[in-house]
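Chains as they are written, first to last, in the working numbering: chain Z, 1 to 504; chain P, 1001 to 1504.
Please keep in mind that the hints were generated in silico from the structure rather than gathered at the bench. Check each hint, because a few of them may be wrong.
Distance condition first, Cα-Cα at most 30 Å in a straight line; then the derived DSBU-like pairs of lysine-lysine [to be verified]:
| id | chain 1 | residue 1 | chain 2 | residue 2 |
| --- | --- | --- | --- | --- |
| 1 | P | 1040 | Z | 461 |
| 2 | Z | 101 | Z | 187 |
| 3 | Z | 340 | Z | 210 |
| 4 | Z | 40 | Z | 210 |
| 5 | P | 1040 | P | 1101 |
| 6 | Z | 116 | Z | 101 |
| 7 | P | 1390 | P | 1488 |
| 8 | Z | 461 | Z | 392 |
| 9 | Z | 488 | Z | 340 |
| 10 | Z | 463 | P | 1040 |
| 11 | Z | 449 | Z | 439 |
| 12 | P | 1463 | Z | 40 |
| 13 | Z | 439 | Z | 488 |
| 14 | Z | 173 | Z | 390 |
| 15 | P | 1463 | P | 1187 |
| 16 | Z | 83 | P | 1040 |
| 17 | Z | 461 | Z | 346 |
| 18 | Z | 60 | P | 1060 |
| 19 | Z | 340 | Z | 187 |
| 20 | Z | 379 | Z | 390 |
| 21 | P | 1461 | P | 1187 |
| 22 | P | 1463 | P | 1173 |
| 23 | Z | 40 | P | 1461 |
| 24 | Z | 488 | Z | 463 |
| 25 | Z | 40 | P | 1060 |
| 26 | Z | 210 | P | 1040 |
| 27 | P | 1116 | P | 1101 |
| 28 | P | 1210 | Z | 40 |
| 29 | Z | 60 | Z | 109 |
| 30 | Z | 210 | P | 1210 |
| 31 | Z | 60 | P | 1116 |
| 32 | Z | 461 | Z | 449 |
| 33 | Z | 40 | P | 1101 |
There are 2 protein chains.
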Amino acid sequence: MTTDIESIASSFLSELSRWEHFREVRDLLDWDMRTGSPRKAASLRSETVGVISDEMFRLKTSPRFGEYLLRLQDPGVASSLSKDVRRIVALEAREYERNRKIPQERYQKFAVLVAKAGAIWEEAKETSNFALYRPYLEQVVAMKREFVDYFGYREHPYDALLDEYEPGMTVAKLDPVFAYLRDETVKLLQSIVNSGCTLPGDLLVGDFDKASQRELSVQLLEQMGYDFEAGRLDESIHPFQTTINRFDARVTTNFRAHHIDFALFSTLHEGGHALYEQGINPEFAGTPLSAGASLGLHESQSRFWENMIGRSMEFWQAYYGRVQTLFPQFRDVPVSEFHKAVNEVKPSLIRIEADELTYNLHIMVRYEIEKSLVSGDIKVSDLPEIWREKMKDYLGIVPGDDATGVLQDVHWSDGSIGYFPTYTLGNVYSAQFRHQLQKEMPDYLNEIKRGNLLGIREWLKEKIHRFGNSEDPVDILTRVTGEELNAKYLVDYLNEKFRELYNL
Amino acid sequence: MTTDIESIASSFLSELSRWEHFREVRDLLDWDMRTGSPRKAASLRSETVGVISDEMFRLKTSPRFGEYLLRLQDPGVASSLSKDVRRIVALEAREYERNRKIPQERYQKFAVLVAKAGAIWEEAKETSNFALYRPYLEQVVAMKREFVDYFGYREHPYDALLDEYEPGMTVAKLDPVFAYLRDETVKLLQSIVNSGCTLPGDLLVGDFDKASQRELSVQLLEQMGYDFEAGRLDESIHPFQTTINRFDARVTTNFRAHHIDFALFSTLHEGGHALYEQGINPEFAGTPLSAGASLGLHESQSRFWENMIGRSMEFWQAYYGRVQTLFPQFRDVPVSEFHKAVNEVKPSLIRIEADELTYNLHIMVRYEIEKSLVSGDIKVSDLPEIWREKMKDYLGIVPGDDATGVLQDVHWSDGSIGYFPTYTLGNVYSAQFRHQLQKEMPDYLNEIKRGNLLGIREWLKEKIHRFGNSEDPVDILTRVTGEELNAKYLVDYLNEKFRELYNL
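For reference, chain Z alone in the conformation it holds in the complex (with noise of 0.2 Å):
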C-alpha cells in the first residue's frame, strides 16, 4: 500500500469516526427525549439535534469525503487494503451513492413534508379520520415513487426501499416466503380459533408493584449476559434500545400497573437486541461495521430473545420462582399456567399488542399494501377498505374504525415504507437460527431449564453478533445454517408450539 493511500485511508477512517461521535450525541440526544427530558425544553432540544444531523448529512456528503470513496474503490487500490476496510468502503460507497442520487432540493422537500405529515398522522390517529392524513400520505407515496425512480431497480419498484432496510432483499425472495408463511399462519390460527379452546392470559392482569417490575426486568437482563457496566435499563412509553456508544447499549422498557407481561417481555426482546450490540467486536468500534447487519437480523435476535427463549415452558422452570417471590398473587399458580398465560393466541387488531402466532399477519397485510402503493397498483383512498378486507382474510376481525386500523402505526408518516416485513424477517431467522442451534447443541432446552442462558448467548455472539456490519445479512444466514431464507423452520416451529398448548 502506498503512502498516499495509506494517509487516504487513514484520513477516510477518522472521517467515519468523527461522524460516529456526531452519531452518539444525536443516539444520546434522542435518548434523553424519550426517557425523561422535560416537555418545554423540547423546542430548543430539536434545534440542537437539527445542528447535529446537519453536520452528520455534510460530513458524509462532502466533496472530500467522495474523493476518498472514489480514490479508495479504484480497482489498483483496492486489493491493498484490509478487508474490513474494504468492506467500511463498500457500505459507504452504497450509501453515498444513494443519497447522491435524490437531488438535494426533492430531500429537503421530502424532509418538510414528513415532518408535517408526522404532526398531521398524529392528529388524525386521535381522532380516527383517515380523510385528514389521505393527502399527506399520496404525498409521502408519490414521493417515495419518484426516489424509487432515482435509485432505480431491476425487478420490483419495492425492491429499491427493501434494500434500505434489509440489503440484499427483493420481492422476488420475499414474496414466496410469505405467502407460504401467511397460508400456514392462518390454517393454524383457524384450529385454535374452532378448538374452542383458551389459554388463561387474565392471569397477567392484576396489580404489579413497579419497582418489584423494575427488579425482575434487571434480573432477566442479568441472566442473559446483559452487561450492565456497558448500559443501563430505563423507563420509556414506548420501549427501544439504543447503542449510545460501543460499550453502552442501553434498554428501555415500560412498567405497566396492571400488566405484567409487558415489561417483562418488552425487556426480553430489547434486552435481545443488546446483547447483538454488546457482542460486535470491538475493534469495529468507530466504523460502520459496528452496527447490525440489518433491521432484520436485529429483529432476529430480539425476537429469538423474547420468544424462543421467553415464551418457552423451559425458561419458566427456571424463573418463574422469582415472579412468585416478586408477585405473591402467583403463589398458587403452578408454573405450567403461567407458561401457557404468556402464549395466548387472540386475533386482535393492534399489531404491537400481537401475540407471536398472529404478529406475523398485522405484517402481510402491511406488506401487501406497500408493495402494491409502490407499484401503483392500488391508491392510498382505498386503503381502509383494503385494510379491513386484509384483516378479515387473515386474522377474521375488522377494525370498527381507521385509528385502530389503517391509522395505527407511524412508519408510513414518517416515509418508512419497505421497514414491516424486516419484523417478520426476524421472526423467520430466529428460527432458522434456532434449528440450527438445536443441531449445534441439542441439550440447549436443558440448560434454559438449569438457568443457564450464557452458552446459548455465547454461541449467537460466536455465530452472528462479533461479525457486526462486516457480513450482509444472506451471508450471515447462509454461514450459520446453510441454507437461504426459508420459513419452514418457523411455520414448523409455531405448528409444535401451538398445538400442543391448544391441544391440536
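The hints should help you fit chain P onto chain Z, whose structure is shown.
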C-alpha cells in the same frame, strides 16, 4: 443601522446560537456521565466530549468571529446596536481577548497538565500523599502565574484570575470585606464553642428510605416554584445543577440512607441555582445573556434557599409535617428540635460538610493561600503546614493528614484558582439581598410560615433572575440593594441567628 451592520450582527448572533447548541450537547454529555452512564462507555465518551469541545473552541476563536467582534465594537457602529446586543458583544469581546492573550501552545500545554494533575490529585488524595501531588500543583501554579502576566492586571496579580469567575472583583475590594467577616465569624464561633451549649445534630442520623427522601425533595422543589416541566431531578454522587437548555434546568441530589439532611439541603441548594436559571428572560435564550451574572451571584441564590430560607424556623413550621409523615421516627420530635438539629455548628475538617457558620472560614483558608501563591509570597511546598496553621487559627482544629487537609478539594488540580472566594461572596450577597427583601416585603417570614414561598421567588426573579447576564454582578447588587459589597448584613444575620440558637 445599515444593512451591512444588520447582517453582521445577525451572523454574529446566529454563530452564538450555534455555539449554544453545541454547549447544550456538551452539558448533556456531562450530565449523562454524572447520572449513570455506564463505566465502560467512559473512554469513547470522553473522545466525543473532545470533538464537541473542539467545535466550540473553534467557533469562538475563528478569524471570522474575531472579524464580527471587531466590526461590532466599532464606536460608530455600537451606538446603532440594541443595548442587549452591545452587552453580548462586550461579553464576547472580553472572552475573545482573554483567550487570545494566551499563546495557543501554552493553552495546550496547560490542558495536558491539568488532565494529568487531576488524575494524580485523585491518587494523592486517596493515599494522603502530598509529595506525589506537589510537582504537579507547582506546575499548575507556575502556569497560572504565567497566564496572569499574559492577562495583565492593575493592582494585584490575583485580580486577573478572580475576574474570570466574578467579573470586576478585586483583592482590594475583597480583602477588607473578607477580613471583617473572618474575624467576626471566628469571634462568634469561639463564643459558641466556649458556651458548652450543643444542638442535637444527631437527630438527623438514622435510617431514611430513599424513595421517601426523593418524595420530600420533589415536594420542596415544587413549593419553591421549581418548574418540573422545564427541568428534572436525578441522583448523582456529587449534587449539581446544570442548564441543558433555557427550558431544561436540571437538578441532582444524593440520597444518603443514614443522613436525612444531605439530600434535603442539597436539593434546596441546587434548586436555588435552578430557580435563577428558570427565571432568566426567555428572550435571552441562545445568547450569553441567558446565564447567571457570575458564580458569586449564582451561589447567592443557592445559599439563600439552602440556608436563609431552608434553615429558618419558619420554613420548618410550614414543612416539618411532611418530614414527620414520610419519616415516622420524627413523630415525637418537636419542630424546634429539628430546627436546632439542622443548624448545629461544629468545626470540621471538610469544607463541603461544613455548617452555615464555619463554611466561610474554610473559604478564608483557601482565599488567603491562593492570593499568596499567585503573588509568589508562599511556595507550594509550604502548603500543608500553612493549611494546618490557618485551620487552627480560624476553626481551632487541625487535620491529622493531608487527605483531610490541603488535598481535599479538586479545584486546584484543574487550574481553578480564584474560584473559591465566589462561595463566600454568594453568602455575603445573599445576606444583602435578604436585608433588602425584609425592607420591601416585611411580612416575608410569615409568608414562609404559611408555606407560601412563591412571593419570595417572584421577588428574586423580578430583581435578579430575569436579568440573567445582562448586567455585571456589581450593578445587580447596587441596583437591588443600593450598596456595593458589604459583609455587615451577613455578620449581623449570623450573630442574630446563632446567638439565639445557642443562648448567647
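Now the hints, each set against the structure:
1. P:1040 to Z:461: Between residue 1040 of chain P and residue 461 of chain Z the Cα gap is close to 19 Å, so the pair holds against 30 Å.
2. Z:101 to Z:187: The hint is violated at about 44 Å.
3. Z:340 to Z:210: holds, 23 Å
4. Z:40 to Z:210: The given pair, whose Cα atoms are some 27 Å apart, holds under the 30 Å limit.
5. P:1040 to P:1101: Between residue 1040 of chain P and residue 1101 of chain P the Cα gap is close to 38 Å, so the pair fails against 30 Å, i.e. violated.
6. Z:116 to Z:101: holds, 24 Å
7. P:1390 to P:1488: holds, 23 Å
8. Z:461 to Z:392: Given pair residue 461 of chain Z, residue 392 of chain Z is violated - Cα atoms ~41 Å apart, limit 30 Å.
9. Z:488 to Z:340: holds, 24 Å
10. Z:463 to P:1040: Given that 30 Å is the threshold and the Cα spacing comes to 24 Å, the pair holds.
11. Z:449 to Z:439: holds, 18 Å
12. P:1463 to Z:40: holds, 24 Å
13. Z:439 to Z:488: With a Cα-Cα distance of about 16 Å, the restraint between residue 439 of chain Z and residue 488 of chain Z holds, given a limit of 30 Å.
14. Z:173 to Z:390: Judged against 30 Å, a Cα distance of about 22 Å means the pair holds.
15. P:1463 to P:1187: It is violated: about 34 Å lies between the C-alpha atoms, which goes past 30 Å.
16. Z:83 to P:1040: holds, 28 Å
17. Z:461 to Z:346: Outside the cut-off at roughly 34 Å; violated.
18. Z:60 to P:1060: With Cα atoms ~25 Å apart, residue 60 of chain Z and residue 1060 of chain P stay inside 30 Å; holds.
19. Z:340 to Z:187: Holds, because 21 Å separates the two Cα atoms, which is no more than 30 Å.
20. Z:379 to Z:390: holds, 15 Å
21. P:1461 to P:1187: violated, 35 Å
22. P:1463 to P:1173: Judged against 30 Å, a Cα distance of about 24 Å means the pair holds.
23. Z:40 to P:1461: holds, 19 Å
24. Z:488 to Z:463: It holds: about 21 Å lies between the C-alpha atoms, which stays within 30 Å.
25. Z:40 to P:1060: holds, 28 Å
26. Z:210 to P:1040: holds, 28 Å
27. P:1116 to P:1101: Given pair residue 1116 of chain P, residue 1101 of chain P holds - Cα atoms ~24 Å apart, limit 30 Å.
28. P:1210 to Z:40: holds, 28 Å
29. Z:60 to Z:109: Holds, because 20 Å separates the two Cα atoms, which is no more than 30 Å.
30. Z:210 to P:1210: Within the cut-off at roughly 16 Å; holds.
31. Z:60 to P:1116: Judged against 30 Å, a Cα distance of about 35 Å means the pair is violated.
32. Z:461 to Z:449: holds, 21 Å
33. Z:40 to P:1101: violated, 40 Å
Of the numbered hints given earlier, the model fails hints 2, 5, 8, 15, 17, 21, 31 and 33; all others are met.
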